[in-house]
Amino acid sequence: MKKIAPLLLLALGTLLAVTLIFLPHQANASDRALRAQVNLQGAPDSGISGHVLFIQTREGILPTVQIIAEVTGLPPNTLHGFHIHENGTCEPSFAAAGGHYDPGPNGNSDPDANHPFHMGDLPNLRANDQGIAKVKHTTSRITLSAGPLSLFDDNGSAIIVHANEDRGTTGVTGGAGGSRIACGVVEANG
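Sequential numbering from 1 applies to the sequence shown in our numbering.
Don't read these hints as lab results, they were simulated from the structure. Please note: incorrect hints may appear among the correct ones.
Simulated restraints on C-beta separations [stated by the list, open to error]:
| # | residue 1 | residue 2 | range |
| --- | --- | --- | --- |
| 1 | ARG32 | PRO75 | 39 to 49 Å |
| 2 | ILE61 | GLY178 | 29 to 39 Å |
| 3 | SER46 | ALA146 | 13 to 23 Å |
| 4 | GLY131 | ARG58 | 32 to 42 Å |
Quantities reported herein were computed from a predicted structural model and do not represent experimental measurements. Beta carbons: idealized from backbone N, C-alpha and C, even for Gly.
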């Protein structure tokens, strides 16, 4: 018993020291969460607008990105494809945003050919009876930090809202969401 007491005290002291060393690092990790935002704008006179927030944290081995979005001005009670696209630019037709974001291991030159498995595929937006859609989604398929899955590559990224739902079928003719009705560029936010 006399030999156990000092060992127990040593173990408790070590545990306390390790806890005090690592607690500040855990707090700092949440302080260093990366953020990005998107201000969505619909075509002129559409009345569509919205905001998307990205928050990257490291939980476990991979970074995870939480995506929180609200889009207003949509037709009531409708579904809309909601994707990250490969270019950080928008124009009135929103074609400049390019195809669906899918850097892949070798940089796929035809991102839409991989539909519905591209990295930029997000859950459909579901507009309520007031035409407001909200979504909260967490993914490890993209990052805000540097690396092969970063939204901040050489040409940036954009969010597109499509006129129709993404039915998640293979190939672009299967229903990847149809025409583009809103677009916004992903911008770093602190």
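These are the hints, each one checked on the structure:
no.: 1; hint: ARG32 to PRO75: 39 to 49 Å; result: holds, 40 Å
no.: 2; hint: ILE61 to GLY178: 29 to 39 Å; result: holds, 37 Å
no.: 3; hint: SER46 to ALA146: 13 to 23 Å; result: violated, 35 Å
no.: 4; hint: GLY131 to ARG58: 32 to 42 Å; result: holds, 36 Å
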